[in-house]
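Peer 1: This is what each chain is made of:
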Amino acid sequence: MNFHIHLKGLYVAFFDQLLLIMKLALLLTFVSVMQVRAVSLAQTVTVNARNVPLNEVMRTIQSQTGYLFFLKGKEVAYTKVNVHFENEDVHSAMDKLTANLPLTWEMEEGTIVIKPTPTPVRPATPVTKERLTQQREVTGRVTDASGQGLQDVTVAVQGTAVATVTDAEGNYRIPVPDDAGTLVFRYIGFTTAEQAIGSRTRIDVQLQPSLSDLDEVIVVGYGTQKKGQVTASVSTLDGDAITESPVANINNSIAGRVSGVLAFQGSGEPGADAANIRIRGIGTTGSNSEALTIVDGVPRDFSQLNPNEIETITVLKDAAAIAPYGLAGANGVVLVTTKRGKEGTIDLSYNGWYGLQRPTRYPDYLDAYEFASTLNVARANAGLAPQYTQEELQKYKDQSDPDHYPDHDWVKEVIDFRAPMTSHNLTFSGGTDKIRFFSALGYLYQQGSVDVINFSKYSLATNVDVNATKSTLVSLDVKARLEATKNPGAIDGTGIYTQVTKHPPLFSDQLSFTNGLPGHSLLPSIYNSGYDRQQENVLYSQLSIEQQIPSIPGLSLKGVFAYDKSYQLGKQWQTPYVYYQLNAADEFEEVRGGVTAPRLNQAFDQRVNTTLQGYITYVGNFGNHGVNFLAVAERREGDNVLFDAERINYQVNLDELDLGSAAKADLDNGGSSSSSKQMGFVYRASYNYSGKYMAEFSGRYDGHYYFAPGKRFVFFPAVSLGWRLSEEPFMENIDWINDLKLRGSYGKSGNLAGGPFQYLSSYGVRPGYIFGGTQVQGAFERNEPNRNITWETAKKLDIGIEGSVLNNRLRFEFDVFSERRSDMLVSPSAAVPLEYGIGLSQVNGGVMDNRGFDLSLSTFNQFENGLTVDVGVTVSYAKNKLVQIIEGADTYDNPERRRTGRPLGTQFGYKALGLFQSQEEIDNWATQFGTLQPGDIKYADMNNDGRIDANDEVVIGDPAFPQLIYGVTGNLSWRGFDLSMLWQGADESSFLLTNEASNPFFNGAKIFREQLDYWTPENRDATYPVIMPTPTPNSTQTSSWWIRDGRYLRLKNLEVGYAIPSTLTQKINVGGIRLFVAGQNLLTFSSESYLDPEIGVGGGSRRARYYFQQKVYTFGLNVNF
Amino acid sequence: MKKFVSLRIYAVLALPFLVASCNDAALDIVPKDQLTDATIWQSAENAGLFLNDIYYELNPGPVSSVWTALPSEISNDPLDNFSDNSVSGNLAGIPSYEAFTQGAYSPSIPIFNDHWSNMYANIRKCNILIEKVGSSDFADEAKESLIAQARFLRAYFYKWLIDLYGGVPIITKPLDRNVDGDGIFAARNTYEECVSFVQQECEEAAVDLPLTATGSNVGRATKGAAWALKSELELYAGKWEDAAATSLKIMESGAGYDLFPDYGTLFYEENENNEEVIFDVQYAAEVKGVITERYWNPTVVSDGGGWQAVNPTQDLVDDYEFLDGKTEAEGSTLFDPQNPYANRGKRFYASIIYDGSEWKDDIIYTRLGIPNNRNEFGGVGATRTGYYLRKKVNPAIVPGTSSGQNSIVWRYAEVLLNYAEAKNEVLSTPDQSVYAAINKIRKRAGLPDLPAGLTKEQMRERIRRERRVELAFEGKRLFDLWRWRIADQVFSESLTAMKITGTEGNLTYEKVAIDGGKVVFDPGKNYLMPIPEKVRARNDKIDQNPNY
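Just so you know, the sequences run in chain order P and W. Take 1 as the starting number for the first sequence in this note's numbering and just add one per residue. Take 1 as the starting number for the second sequence in this note's numbering and just add one per residue.
The reader is advised that the hints may include incorrect statements.
To be verified - As a list, the in silico DSS-like pairs of lysine-lysine whose alpha-carbon atoms are at most 25 Å apart:
no.	chain 1	residue 1	chain 2	residue 2
1	P	Lys571	W	Lys288
2	P	Lys342	P	Lys226
3	P	Lys664	W	Lys288
4	P	Lys565	W	Lys32
5	W	Lys288	P	Lys911
6	W	Lys534	P	Lys711
In short, the hints are calculated from the structure, not lab data. Keep in mind that this is a model prediction, so the values were computed, not measured.
Could you put together the complete structure from these sequences and hints?
Peer 2: Structure representation (structure tokens):
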């Protein structure tokens, strides 16, 4: 509900002036246009069409009469009409055409202008006390455009729980509180209508068919297409779904919501918690398997955009969809389109939330007594005397002397389990038919594991669209944001997690004493070690001018200039700190920690990217033939400058670069720069016959500076076909199928390989050795060059079926795909001996297959009592296979160890057969690693040579990155209440536990409760081998013993909201208020209940020493003014 | 209105602009941070940059797979932890404990995993420089100097490989797979061939190397460095006559080598490049610093704490003679069971932190029973032997801060020891020169001269003890144990620690086995390191060492 009383004065003064100027401009342009178009116009039209959008009919009329037309608004353009004209006079044709529609038309300067019939403005209803108490009834009838009564239309009083549905004739009867403002009419397949009640007792409504899903315009590479005519594999996600889950990083909102996207969040660290997104899995062995991300047509990062700015996210998956992106598209493309102002009322809304975060899961670490007594057990196994006496154990147990026998729960005492996080957003948008604007102001604050670590983000985005002339659209977009990350000088969030999961709760690592003095460097390093601040400033700006060419209807030209600049400022100030230890006399002695004298480091990193694009588009309809053509020329350039400076040994505690030690030996600086260039020529030509048969050709001729002259340009074409079966006569009688389309695509795309200049033979220069106490420079040979290095090539095949059934209640889309990636960059180093002595540039020698499917289902249901339920399911599966890589004979010749033919990242290691149960069993087994005892892991001797070595390696697990991701979303709304949830799961992955996560007492670290299930003669079927005070070489081998199933299912998001009845909100002159509570990662089901399942890809995480994933509870508010 | 018309024109104009610039050259970018082949070899100065970078790769010891991935002599697991001189304090992930002590090292679990490829990468750099400078037209002097240094460095890298693995492939030209084809796959040369090769390289390099390096050249190879390398190689190879001759050449070189007066501070940064140093790896705080003080300090010290990565063994302590020139085992009258650390030679006090010794601003106790003492013997994260390392640890450096202390590769005392050992082996009875060399070292240590009239065998034992003590924690003991073929005997029993109980004035000293101090050593194979599996996986002409 939009209300603009406060803004009205401003609105009138400003916009009326603007309108006047725009009108003048428009008029003059038309005069000039018409002057050059001195032609006689035919006056009759012949059109036959059923259920086609108005703009198509008008195009036909235009081609027959020469009259230009102008449709005001998208809704008008896509209104479905049925026409049957035989040599009809234009005027009468237009009258007939608009007769049953809420449209009016007029001839303006030889142009047919069609616009919505103005609806009377709702008179403000004064609210009085009597009215509040009164009840009355409103009756009426709901019909479709042809006057047919519509059954089961939900009629509700806005902002209340009062609702009913229409009968078979379309009649309804509803009791309304007298102060009620508006009736809302909802019906599937039709646009929701709102009617101000006023003093009326009868309200008849004609519902307009909504833009069906098929006419929805979706964003594709370098343009838009109607969903019904898309022949490529494309998924879309509505921006509202993203704002739904209050997350700091929108990257994390995508997994499970969009089919074909596989994602994995590896860290909960503020500012660094973006999920790894892979579209249709991992298709290459090369370093770059990430999707290309495009924001408003320009390659940019989107993960830190304000979610409230996002209109849609489109994921381009198959060759036909990504072909326009040429060398950058092979890993899939994510297109983010931001919101723009819409013609109509002025909208001002606020959206904010406040939440608390805590770690999802972490191991339950033993307390001091348990740790110490377990260590004694372990030492006994190693034949060593106990570390702790009974007396000491007792003191750890009873905590009678906590300064000498402490028991600290490091995790709980250091980590903030109620770390706040908040976000506030204000959006302001609106416009007229001449000028539209959208602006959003956003603020996000996220505290880290402790209160001195935080991430804050300020963003401001504004865009303006101006119809400079009737045929010219000028758009100017500016987005700026500031991200500030604050950390202590000597430690960061991940470091804190490492520390709290590492130190046993004993005297040797006393966290703090009972008098509050720190006994360990951790607390002072968090609170007294200075700071490390990173500031990222990002500007995205672009200007685009689109010009329709009036002399060739359907042809337009567009130029886009984008200038993006980001600069990062880093300032790290480290100071010495102190902590305490007890001396022999039980006095507290100071211990100095950290740097010996303050030091300051400042860095500056600037990146500038410019993008220049020129578009030619043509849309034409000739009877049953529809033609679309797009050509784009694009040029991108980038520049990067890096600069940093450092001073050490500050005498004064002032954190200014100038105020540090003046000795030259205490100063340091550095800097570098680089540039990049790319250009490409994109085309897309599509043809459709009656909207039934579709064909599309797209591609790009692309060039990049990475490669040698002569190797820089390459052509990536694709073709796709579509067949709308539901349009065929033989399907006409199958009522339950509303739409059915088959489509297929095949094409070639590229992936930029490795780093630049691998074709050059060259030498690098670096600071090096010390002669006479002074550092000198050194020059070194870079990798052996590869003159022929070039792109990776992907050949992709996709076959899809999509449609909707059961009165559009169930929509589905299913794609199977197969990709072969060739010329994949692999290191040829296996081809030379280690004695060769120089690294080799990569070669385009790898081949990989990647196959899978994506499925999405969505249903929408509406019940008599006003309950609406919609449910969506997505499943994404992708499994790759290394077809050809450069592999050494040692693994290639052994079918168990061969990497070729297996998925990338397949985990290899020894096959654990179990635990040795007796010395005899050990003696009769192959030689393993070091000295063994019963309870040690027994490995399979695959080649039966009597010893376990690399040749006994086998496959022990799936890749760590999940091959299957699925999601279920559910949305429910009823009488002002709404509930939404996202369940997301993954499967077909394994993770390997290493170091502390596998073996207890690793480097003296803490142990956790699960590790108590170790082998003893009484516990032979144990999860962990015999416990030892130090992990043995035998149990630290990579083996199937330490592999865990990576599958999980988690409730990623749950939100419950309630809209306060407008009857109440109107009293404070507010259009609508919605309150919500939400939670993230509330429930998780996985193989190991003590670890977060999303840990498993990288180094620190496999040790369970990483920034834990966060569970977040949020409360929020949306207000529409 | 003209404004809008012109806007439209701009939009149209954008296209031809874009199209016109479509060609290869439009994408040209010259990398700003790289030099070309022509530039680098155009002058001796530029070629010198390339040489500098080879020096940069110099390591005082092999890089083991320890997680700090540092050359052993500046790491948290120095080579002496692979001998009977010391054991590591921390255990997890430490190769000397996990792989070496437990005898678990093998081609699959090599201790020095990347060392092979690192050395050959360095050797290639030398080969490149020798080839490119060799074919240049620089002034002869510059040319000879560059090549001589590169040949010395190449010999140094080869020696590391030879020491660890025995014979290795000798590659003296940069390999090019496009030219050499299968020739890039070379088999191992014999140990003898390798030794001869390095001997010859050192001798020839020495011709063009300067006698001394001064000023801004300090740190560069000298004649002495080449000869010291050769002397050690010959000693290890048992080429006694050669070793004696080469050592003597250094002693008589006139380069001014002598013993630095103070054994303890000889290693510190303030005395670096002193008269005793023949060749060292250069470091400088902050820019190319080391943090050995963090690794090697005791658990708790007055200005922080260390990782006590080197715990000297009782076995080593027992070899430090008392001031009468005898050890406890030899019945020194100065040995006091109630005060076993008194009356020892200076080197003991300069090398070992023992119970009750002063260190930094504190007294370090390892005895049991002192309250709140985290340095206590056997405590969690404390010494496993009752001792901490003092030698090479500079008390002025705060643990954790960057230090510029050089790592000495060869010093004059070692040359004297090389000479004495080789000469003794050559002769049937040791002559005066043998005594002189050893006594010079003993004199600095505050010990009496060796008794006269030692037999060759007695002298051999004294030289070996002298060598162990003098060169302790300098990465030499492992190779001495190997070449003397005594490792299996030394490791037949557990290494020992000192457990001290009681109270001041009434202390009981007890030699006990170190927890986990029994080294598994198989004389059938462990006198050489296994060649890492990945070396042989890439070149099947490389044979594995016996019994691995």
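Peer 1: Next step is simple, just say for each hint if it's right about the structure.
Peer 2: Verification of the hints:
Straight-line distance between C-alpha atoms of lysine 571(P) and lysine 288(W) comes to about 23 Å, which keeps the hinted pair within the 25 Å bound. Our distance criterion of 25 Å between C-alpha atoms is met by lysine 342(P) and lysine 226(P), whose separation comes to about 19 Å. As the CA atoms of lysine 664(P) and lysine 288(W) are separated by approximately 16 Å, the hinted pair is consistent with the 25 Å bound. This hinted pair checks out: lysine 565(P) and lysine 32(W) have alpha carbons roughly 21 Å apart, not beyond 25 Å.
For the hint linking lysine 288(W) to lysine 911(P), the alpha-carbon distance of about 44 Å lies beyond 25 Å, and the restraint is violated. Among the hinted pairs, lysine 534(W) with lysine 711(P) is inconsistent with the structure: their alpha-carbon atoms are about 34 Å apart, more than 25 Å.
The structure is inconsistent with the numbered hints 5 and 6, although it conforms to all the rest.
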